[in-house]
Amino acid sequence: MISEQLVDLSRLQFAATAMYHFLFVPLTLGMVWLLVIMETVFVMTGNVIWKDMTRYWGKLFGINFALGVTTGITLEFQFGTNWAFYSHYVGDIFGAPLAIEGMMAFFLESTFIGLFFFGWDRLSRTQHLMVTILMAVGTNLSALWILIANGWMQNPVGAEFSYVTMRMEMTDFWAVVFNPDAQAKFVHTVSAGYTTGAMFVLSISSWFLLKKQDVEFAKRSFRVASAFGLASVLSVIVLGDESGYTVGEAQQTKMAALEAMWETKPAPASLTLIASINEAESKNNWEVDIPWVMGLIGTRSLTKEIPGIHEIKAKNRERIKRGIVAVKALDDLRNNRESVEVKRRFEEYKNDLGFGFLLKKYVDDVSLATPEIIEKAVNDTVPRVTPMFWSFRVMVGLGFAMLILFATAFWTTLKSKCSEHPYLLRAALWMLPAPWIACELGWFVAEYGRQPWTIYGVLPTHMSVSTLTVNSLYGSLAGFIIFYTVLLVVEVFLMVKFARMGPGSLGTGRYANEGH
Amino acid sequence: MFDYGNLKLIWWLLVGVLLVGFAIMDGHDMGVGTLLPFVGRNDVERRVVINTVGPHWDGNQVWFITAGGAIFAAWPLVYATAFSGFYWAMLAVLWALFFRPVGFDYRSKIHNATWRSTWDWGLFIGGAVPPLIFGVAFGNLLQGVPFSFDSYLISTYSGSFWQLLNPFALLAGVVSSAMITLQGACYLSHRTEGAIQARSIKAGIWAAVVMVLAFVLAGFWIQHIDGYRITSIINPSAMPDPLSKTVVKEAGAWMSNYHQFPILWTLPILGGFGALNAATLLLLRRTLLAFVSSSFAVIGVIGTAGASMFPFIMPSSTMPSASLTVWDSVSSHLSLGIMLVAALVFMPLIIMYTSWAYGVMRGKVTIAHIQANEHSAY
Numbered sequence: 001m002i003s004e005q006l007v008d009l010s011r012l013q014f015a016a017t018a019m020y021h022f023l024f025v026p027l028t029l030g031m032v033w034l035l036v037i038m039e040t041v042f043v044m045t046g047n048v049i050w051k052d053m054t055r056y057w058g059k060l061f062g063i064n065f066a067l068g069v070t071t072g073i074t075l076e077f078q079f080g081t082n083w084a085f086y087s088h089y090v091g092d093i094f095g096a097p098l099a100i101e102g103m104m105a106f107f108l109e110s111t112f113i114g115l116f117f118f119g120w121d122r123l124s125r126t127q128h129l130m131v132t133i134l135m136a137v138g139t140n141l142s143a144l145w146i147l148i149a150n151g152w153m154q155n156p157v158g159a160e161f162s163y164v165t166m167r168m169e170m171t172d173f174w175a176v177v178f179n180p181d182a183q184a185k186f187v188h189t190v191s192a193g194y195t196t197g198a199m200f201v202l203s204i205s206s207w208f209l210l211k212k213q214d215v216e217f218a219k220r221s222f223r224v225a226s227a228f229g230l231a232s233v234l235s236v237i238v239l240g241d242e243s244g245y246t247v248g249e250a251q252q253t254k255m256a257a258l259e260a261m262w263e264t265k266p267a268p269a270s271l272t273l274i275a276s277i278n279e280a281e282s283k284n285n286w287e288v289d290i291p292w293v294m295g296l297i298g299t300r301s302l303t304k305e306i307p308g309i310h311e312i313k314a315k316n317r318e319r320i321k322r323g324i325v326a327v328k329a330l331d332d333l334r335n336n337r338e339s340v341e342v343k344r345r346f347e348e349y350k351n352d353l354g355f356g357f358l359l360k361k362y363v364d365d366v367s368l369a370t371p372e373i374i375e376k377a378v379n380d381t382v383p384r385v386t387p388m389f390w391s392f393r394v395m396v397g398l399g400f401a402m403l404i405l406f407a408t409a410f411w412t413t414l415k416s417k418c419s420e421h422p423y424l425l426r427a428a429l430w431m432l433p434a435p436w437i438a439c440e441l442g443w444f445v446a447e448y449g450r451q452p453w454t455i456y457g458v459l460p461t462h463m464s465v466s467t468l469t470v471n472s473l474y475g476s477l478a479g480f481i482i483f484y485t486v487l488l489v490v491e492v493f494l495m496v497k498f499a500r501m502g503p504g505s506l507g508t509g510r511y512a513n514e515g516h
Numbered sequence: 517m518f519d520y521g522n523l524k525l526i527w528w529l530l531v532g533v534l535l536v537g538f539a540i541m542d543g544h545d546m547g548v549g550t551l552l553p554f555v556g557r558n559d560v561e562r563r564v565v566i567n568t569v570g571p572h573w574d575g576n577q578v579w580f581i582t583a584g585g586a587i588f589a590a591w592p593l594v595y596a597t598a599f600s601g602f603y604w605a606m607l608a609v610l611w612a613l614f615f616r617p618v619g620f621d622y623r624s625k626i627h628n629a630t631w632r633s634t635w636d637w638g639l640f641i642g643g644a645v646p647p648l649i650f651g652v653a654f655g656n657l658l659q660g661v662p663f664s665f666d667s668y669l670i671s672t673y674s675g676s677f678w679q680l681l682n683p684f685a686l687l688a689g690v691v692s693s694a695m696i697t698l699q700g701a702c703y704l705s706h707r708t709e710g711a712i713q714a715r716s717i718k719a720g721i722w723a724a725v726v727m728v729l730a731f732v733l734a735g736f737w738i739q740h741i742d743g744y745r746i747t748s749i750i751n752p753s754a755m756p757d758p759l760s761k762t763v764v765k766e767a768g769a770w771m772s773n774y775h776q777f778p779i780l781w782t783l784p785i786l787g788g789f790g791a792l793n794a795a796t797l798l799l800l801r802r803t804l805l806a807f808v809s810s811s812f813a814v815i816g817v818i819g820t821a822g823a824s825m826f827p828f829i830m831p832s833s834t835m836p837s838a839s840l841t842v843w844d845s846v847s848s849h850l851s852l853g854i855m856l857v858a859a860l861v862f863m864p865l866i867i868m869y870t871s872w873a874y875g876v877m878r879g880k881v882t883i884a885h886i887q888a889n890e891h892s893a894y
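Protein chains in written order, with the numbering used here: chain A, 1 to 516; chain B, 517 to 894.
Hints were generated in silico from the structure; no laboratory data involved. Cβ atoms here follow ideal geometry from the backbone N, Cα and C, with glycine treated the same way. Where hints are given, some of them may not hold.
Chain B regions said to be covered by chain A (calculated; three or more residues, Cβ under 8 Å) [said to hold, decoys possible]:
{"no.": "1", "stretch": "520-532"}
{"no.": "2", "stretch": "582-589"}
{"no.": "3", "stretch": "595-602"}
{"no.": "4", "stretch": "610-622"}
{"no.": "5", "stretch": "755-768"}
{"no.": "6", "stretch": "789-798"}
{"no.": "7", "stretch": "847-859"}
If you want a taste of the chain A side facing chain B, the calculated C-beta under 10 Å gives, among others [said to hold, decoys possible]:
{"no.": "8", "residue": "THR74"}
{"no.": "9", "residue": "VAL90"}
{"no.": "10", "residue": "PHE117"}
{"no.": "11", "residue": "LEU134"}
{"no.": "12", "residue": "LEU468"}
{"no.": "13", "residue": "SER472"}
{"no.": "14", "residue": "VAL490"}
{"no.": "15", "residue": "SER505"}
Whenever a hint applies, use it, and build me the whole structure from the sequences.
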């Protein structure tokens with residue numbers, strides 16, 4: 001049996017490195033479009049300040065991008081190094097979007113980013129703008145394919161298990177590509193990235209305005225960021241609601257956990273605003289509800305019920321029991337591929353194979369599972385409610401706070417008075433970490449909420465790991481912590497240095513702080 | 517569209533193409549990184565060296581990422597078994613690669629000699645370590661790797677990191693390092709002038725000599741190590757199941773493809789003569805042709821290893837029947853077909869816009885150019 005410590009350390013390492021990677025990704029996703037907007041204005045007006053804006057914000061973009069690239073390779077490696085059985089079991093489906101991402105998107109983005117930085121004197125204005133646009137398209141296509149892969153982990157469509165190859169095999173590529181979970185996640189995630197990019201430019205521009213440094217430059221940057229940010233944050237919120245809807249269909253478990261919904265609520269379900277969660281007794285001590293709203297978000301109807309945790313667990317108990325039969329039949333088939341009777345039994349039960357695997361956390365031979373073990377596995381099928389419930393609420397709260405900020409910023413900039421509101425500028429400065437916190441919490445809800453599965457309903461997390469020693473994991477985790485800490489210190493140091501210097505760092509002779 | 521057996525073969529060739537693309541493109545960047553501390557003797561010289569690859573290293577690195585992604589997608593069992601088995605070697609590659617994006621982008625942003633020289637050595641590690649480890653890994657693949665499967669195909673690796681560093685594997689590492697250094701030296705001598713160019717040419721000639729000697733030595737050695745041979749009947753179109761065959765270990769088995777198809781000898785000849793020819797062209801200062809010739813040497817060397825082992829990809833020394841081959845460690849028919857279409861659409865596009873990017877940035881990188889672009893150059 002796989003050691004629980006190995007599973008926990010593998011999860012910790014993946015979570016830490018993935019969340020670290022996502023410190024850099026959203027800023028890249030968003031800033032790249034801000035660069036496109038600024039450069040487009042330069043090409044259309046010929047006003048050189050817009051070129052300087054593109055180059056200065058591009059410099060900060062580059063500092064961030066370097067770490068995005070560095071930490072992205074880790075993730076590609078880690079599926080193989082630490083999740084070997086996962087890679088074998090679903091590589092047939094999961095690998096394809098990653099390979100296509102490389103060919104379609106990452107080459108595009110990475111080739112043109114070189115010309116973005118070094119091609120200013122060698123390309124015509126229009127050519128350079130095309131380069132910037134292609135870089136932006138590449139970046140966003142990259143996110144699309146990665147989220148198609150991730151969406152499949154949440155909602156594994158278009159695939160079927162084969163006992164000959166002992167893995168999931170793709171049956172319908174387009175079902176994988178147009179997976180509603182993947183599409184909703186893509187739009188929600190890139191919009192969150194756009195919001196992050198806008199917040200970054202808005203905050204730093206506000207700081208220049210507060211210091212009265214390079215005011216013309218900062219005002220224009222502030223204006224672009226507030227408009228782009230307002231559109232983006234609206235899209236995050238509206239399309240976040242869309243992911244709520246798809247979660248409702250494919251992953252009711254996640255929904256029940258993040259709503260702390262223990263009992264099935266009669267339709268149309270109410271939305272729990274806040275609650276005091278009692279995990280031990282599987283109930284809420286008290287809660288504040290808004291009638292109807294949850295039913296509308298989760299089912300788009302007033303008549304459909306949303307199942308609660310107790311009902312979900314009861315269903316899963318039956319699936320686990322059927323899963324025991326499926327696992328037994330699979331084991332027999334692996335020893336003797338020809339038995340017609342076993343094949344028939346396996347076909348009948350194979351949809352619950354993953355649920356049978358859940359028992360392997362506690363017992364090697366699942367037919368020996370006692371009622372207590374089955375009960376443990378049933379309880380595993382719903383993630384812990386408290387972290388889900390609060391992470392989700394903080395994320396949503398930050399989303400609405402950013403909506404207010406961007407709306408106010410956009411309003412003042414329409415009246416060309418943004419520099420006259422120091423409170424607004426200070427608020428914009430202090431809100432700088434908000435999109436990052438919201439992004440990380442969003443990923444936490446999505447991935448922790450999928451537990452105990454790596455592939456929902458198909459492959460449990462504890463079976464997915466590589467057969468490594470616990471010491472190897474301690475060693476690699478220590479290595480990552482050391483490297484990533486040093487890299488973060490260096491990155492933040494450079495980012496702060498160049499943010500402080502402002503556009504003077506371009507050495508054009510047109511701004512404050514020249515010659516540093 | 518294609519018969520499953522043919523698709524499996526095509527994907528073996530395509531992974532080969534991606535590995536060759538990686539070694540030619542990312543390889544020359546890594547060679548430049550390896551040479552950086554030695555051919556650049558002061559700060560501005562080093563900036564010249566770095567800026568020859570400045571606009572391109574990022575795009576080139578995608579060859580590596582795409583090769584990894586393609587192995588994941590086309591040979592999931594190879595990806596799973598190799599990456600988890602070679603855990604520490606893979607982490608060493610990964611951590612060495614960490615130095616590259618940040619090294620390139622951050623180095624010249626601060627005026628401080630210690631800062632800059634630290635990143636220079638970081639770029640050296642990022643350039644020198646991966647080719648060495650990949651060579652060592654190939655050396656181990658040729659000898660068989662100690663892994664086994666249970667009935668669920670969960671792999672267990674029973675070797676250690678230090679076992680990877682055996683004499684034959686280290687020799688393969690020398691071939692790989694020298695080959696990549698030669699590739700970098702040819703590129704550098706084409707894009708620089710004066711003293712840096714002269715040092716690059718000298719380094720390139722030495723690298724070619726070392727590579728050819730090590731390559732020939734490995735060629736003699738390999739006839740005496742145990743190769744692997746499938747003894748059961750192969751059905752190329754069968755559903756992939758690595759446990760359904762029988763395999764024996766045999767000294768000299770890696771030569772059998774060459775006996776059967778003598779045309780394959782062109783590959784090792786291309787490897788050796790390509791490198792020697794590159795060295796000669798460097799002496800004559802025909803730098804672009806030298807780069808082309810060295811790229812052919814890369815095709816020859818990688819092709820030699822692939823052709824020796826075919827149809828094996830990753831033989832198992834402890835459970836030979838679990839060895840991973842072209843026929844039984846691949847993805848489904850549908851996945852291979854879809855990715856082939858994607859590759860046929862996108863690879864030509866990639867080659868087109870990469871060539872355009874090199875065309876835009878063509879010409880020598882000079883000290884004067886660096887001084888004129890103090891704030892924007894790497």
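Now the hints, each set against the structure:
1. Interface restraint, the stretch 520-532 of chain B with chain A: violated (0 residues with C-beta to C-beta distance below 8 Å; minimum three).
2. Coverage of a stretch by a chain is defined here by at least three residues with a beta carbon nearer than 8 Å to that chain's beta carbons; for the stretch 582-589 of chain B and chain A the count is 6, and the condition holds.
3. Coverage of a stretch by a chain is defined here by at least three residues with a beta carbon nearer than 8 Å to that chain's beta carbons; for the stretch 595-602 of chain B and chain A the count is 6, and the condition holds.
4. With 10 residues having a Cβ less than 8 Å from any Cβ of chain A, the stretch 610-622 of chain B passes the three-residue criterion, so the hint holds.
5. Counting residues of the stretch 755-768 of chain B whose beta carbon lies closer than 8 Å to any beta carbon of chain A gives 3, which reaches the threshold of three, so the coverage claim holds.
6. Coverage of the stretch 789-798 of chain B by chain A is violated. Counting CB-CB distances below 8 Å, 0 residues qualify, and the rule asks for three or more.
7. Given as covered by chain A, the stretch 847-859 of chain B passes the check, having 8 residues with a CB less than 8 Å from a CB of that chain where 3 are the minimum.
8. Given hint, THR74(A) at the interface with chain B, holds; its Cβ is 6 Å from that chain's nearest Cβ, closer than 10 Å.
9. Contact between VAL90(A) and chain B, as hinted, is supported at the beta carbon level, the nearest pair being about 8 Å apart and thus within 10 Å.
10. Checking PHE117(A) against chain B: minimum C-beta separation of about 7 Å stays under 10 Å; hint holds.
11. At a threshold of 10 Å, the smallest CB-CB gap from LEU134(A) to chain B is about 8 Å, leaving the interface hint in force.
12. For LEU468(A), the interface hint holds, since its Cβ comes within 10 Å of a Cβ in chain B; the closest pair sits about 6 Å apart.
13. A least Cβ separation of about 6 Å between SER472(A) and chain B falls short of the 10 Å threshold, and the interface hint therefore holds.
14. For VAL490(A), the interface hint holds, since its Cβ comes within 10 Å of a Cβ in chain B; the closest pair sits about 7 Å apart.
15. Contact between SER505(A) and chain B, as hinted, is supported at the beta carbon level, the nearest pair being about 7 Å apart and thus within 10 Å.
Of the numbered hints given earlier, the model fails hints 1 and 6; all others are met.
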